[in-house]
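*Asks:* Each chain is listed here by its residues.
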Amino acid sequence: MISWEVLGAWISAALVVWIYSFAYRDNALYKLAEHIFLGTAAGYSIALALDSLNRVLIRPAVTTPGTFWATSWHYVIPVVLGLLMFAKYSRRYYWLARYAVAVNLAVGTGLALRAVPVANIVRQITATILPLWGSDPVKVVNNWLMVLITVGGLTYFLFTIFPRRVEGAPPSPTYQVYRALYYIGIYGMMVGFGALFANTIMTRVGFLISIYLIYLQPQVWASIVAAILAAIAIVLGALRKR
Amino acid sequence: MSGRISLGRVLESRELLYTLLLLSVILPLLHPIGIPIEISVRTRDVYNYVEKLKPGCHVYIEVYYEVAARGELEPNLIALTKHLFDKGCRIVYGSLSAFGVVAFSLFRASAADLFADKVYGRDYVYLGYIAGGEAATASLAKSIKGTISVDNYGNRLEDLPLMKEVDKATDFDLVVIVSSGTDVFAYYVRQWHTPYGVPLLFVALSVIGPSIEPFVGAKQAIGMLVGQRAAAEYEVLVGRLGLGMASMDAQSTSHMLILAFIVIGNVVYWSKRLSSRRGGAR
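If you read the protein sequences in the order shown, they are chains X and F. If you count the first sequence from 1, you need to add 49 to reach the numbering used here. If you count the second sequence from 1, you need to add 51 to reach the numbering used here.
If you are wondering where the hints come from, they were derived from the structure by calculation, not from laboratory data. Heads up, the beta-carbon is just placed ideally off N, CA and C, and yes, glycines get one too. Any given hint could turn out to be false.
[Stated by the list, open to error] Pair ranges (Cβ atoms, derived):
| no. | chain 1 | residue 1 | chain 2 | residue 2 | range |
| --- | --- | --- | --- | --- | --- |
| 1 | F | VAL314 | X | ALA229 | 28 to 38 Å |
| 2 | X | ILE210 | F | ARG95 | 45 to 55 Å |
| 3 | X | TYR231 | F | PRO265 | 47 to 57 Å |
| 4 | F | LEU71 | X | ASN103 | 33 to 43 Å |
| 5 | X | ARG147 | F | LYS193 | 52 to 62 Å |
| 6 | F | TYR204 | X | TYR231 | 38 to 48 Å |
| 7 | X | ALA229 | F | GLY184 | 21 to 31 Å |
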């Protein structure tokens, strides 16, 4: 007998195969899976947001009003601000939404600015001030690389004042240092992008592996079906190019 | 000839690469090769840090990932949870993402054995989805009970024994952020670590690793576990092999395939370029 759980697993597996079929060619099943995914995700987010509101505000306010108004009355403020957001659908009261947006932006900016200078600027600069000499050669090389690539990267993005080469004259030492750092910056970034690309591949392959392990692995024949589908896709892909 | 597919067409089609990639993932999973893995210094450091936590310590874990990222993050979360429970730590889970609720429920189901002898409310608590992004993160650091009054299942936080022991950022010995995005790591660095000095541990997707590396380099986090590789290493360390270890052979073979194709692509590119130069010289 087919249970809801088994049916759900089959639907999930089918949706996964349909989504991955896009790698071969855009098709109706992919579009169906995409629309189901987006619709479900949007609906689920709304449901969870409403559930959160119900759990934190509505239910306590209704079931234990005394405790709620004594301890959590301030929850009403964001709810009112949230409701004001809907005012933008009214031609007459659209301006009310600006108050909600203003408070939202102000709170966000205030909270971020409180810690950004230390967390994202001072600590990051401090982390690049490293000893360039020492007993551990690996650490010394790492520190040199860190300092040179940081300075090089910053030099690459220097768009205002930078040394220029005078036409016909030999390059000045300042210009030579600038160019050297400029290229160190470029190559440093290239290495960084390479690492990022490699990690991207690892993540995507990881997704594929986990999807396979979760849905298909228990049945070997399911893998055979997947391989047959892939072979069909190759043939179709090759025919399309003809 | 019509109706016939030339071998050249098939060889140069991207579909072939996708199929080979699919096979390089599936075959090692069906017939594991058992390629040995080495424990990296970074994973060992995280393990040693957790190992030093005292019984009865309190840990906050942010579950911030969607189902798609489950394969890379859940094995890390399971291995870490096992280690923390083995050390006698009590864990408060929370989610700043609505999808964290689904991720947590799947994680609970996958690691049912870890929670079998644990009592909800005393050994662990799940706060559920907490709306508000960075503002909510700052508010939680100041007071969890001041931010939300009930957990994911509608229990009043005041009634849960564990929540009587912890309320603010400084009550926690470690904060673990398991996230498929980048922003949430910065939220915790800015709102939990910078003002309160709470030690953070990052668990991220491989693709996110380079983005959060500066925080670890600047000692704003005690370390990070990145992707299935770190999960496999941690699974070996805690002695509970799972999805992380199972995927290592497939990761290795698929990477070897991609490397081979990068080499082939470069050889073909340079040979074409050189031959066209020679042709131009003539």
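*Asks:* At the C-beta level, are ARG147 of chain X and LYS193 of chain F separated by a distance inside 52 to 62 Å?
*Replies:* violated (28 Å)
*Asks:* A range of 45 to 55 Å was offered for this pair. Does it hold for the Cβ distance of ILE210 of chain X and ARG95 of chain F?
*Replies:* holds (46 Å)
*Asks:* Can you let me know if the beta-carbon spacing of TYR231 of chain X and PRO265 of chain F is within 47 to 57 Å?
*Replies:* Violated: the Cβ-Cβ distance is about 22 Å, outside 47 to 57 Å.
*Asks:* Starting from the hint 38 to 48 Å, judge whether the C-beta atoms of TYR204 of chain F and TYR231 of chain X obey it.
*Replies:* Hint violated: Cβ distance 58 Å, outside 38 to 48 Å.
*Asks:* Is the distance from the Cβ of ALA229 of chain X to the Cβ of GLY184 of chain F consistent with 21 to 31 Å?
*Replies:* violated (43 Å)
*Asks:* Determine whether the Cβ-Cβ distance between LEU71 of chain F and ASN103 of chain X falls within the hinted range of 33 to 43 Å.
*Replies:* violated (50 Å)
*Asks:* Is 28 to 38 Å a correct range for the gap between the Cβ atoms of VAL314 of chain F and ALA229 of chain X?
*Replies:* holds (31 Å)
In this structure, the hints that do not hold are numbers 3, 4, 5, 6, 7, in rising order.
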